[in-house]
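Student: Sequence:
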Amino acid sequence: MSTNLAPVRRFIQPESGDDWPAIAARVLPDEPAEAAIEQLKSWNLHLVFRPVSVITPSDIVFVEPPRAAAA
Numbered sequence: 001m002s003t004n005l006a007p008v009r010r011f012i013q014p015e016s017g018d019d020w021p022a023i024a025a026r027v028l029p030d031e032p033a034e035a036a037i038e039q040l041k042s043w044n045l046h047l048v049f050r051p052v053s054v055i056t057p058s059d060i061v062f063v064e065p066p067r068a069a070a071a
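Once you know that position 52 of the sequence shown is 52 in the UniProt record's numbering, the rest is easy, because the numbers rise by one and skip nothing.
Worth flagging that the hints you see were computed from the coordinates, not collected in a lab.
The reader is advised that the hints may include incorrect statements.
To be verified - Pair by pair, the computed Cβ-Cβ distance ranges are:
{"id": "1", "residue 1": "Glu15", "residue 2": "Glu64", "range": "17 to 23 Å"}
{"id": "2", "residue 1": "Arg9", "residue 2": "Ala33", "range": "18 to 24 Å"}
{"id": "3", "residue 1": "Pro21", "residue 2": "Ala68", "range": "26 to 32 Å"}
{"id": "4", "residue 1": "Ala25", "residue 2": "Val52", "range": "21 to 27 Å"}
Remember, predicted model here, so these are calculated numbers, not experimental data.
Note that the Cβ used here is the ideal one computed from N, Cα and C, for glycine as well.
Please take these sequences and the hints and turn them into a complete structure.
Tutor: Dropping the structure here:
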């Protein structure tokens, strides 16, 4: 059986106590802080819009945008 897996996005699992500024500083250090936080939030709407906006070590945080669909 042959299976072709689609490429995946890079992600991290946060450390205990992480918040958006801490993650942004670690994974996007060359970006201005506010811009990095906004980028991360736009790639992680599943975390931004949940009822309690607390980031936990069991979360998946994408650190790059979605990839374009393969033609």
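Student: All the hints need checking, so say for each whether the structure fits it.
Tutor: Here is what the structure says about each hint:
1. Against the hinted window of 17 to 23 Å, the Cβ-Cβ separation of Glu15 and Glu64 comes to about 19 Å, which satisfies the hint.
2. Look at Arg9 against Ala33: about 22 Å separates their beta carbons, and that is inside 18 to 24 Å.
3. A hinted range of 26 to 32 Å holds for the C-beta pair Pro21 and Ala68, which are about 29 Å apart.
4. Taking the beta carbon of each, Ala25 and Val52 are about 23 Å apart, inside 21 to 27 Å as hinted.
Going through the hint list in order, the structure satisfies each hint without exception.
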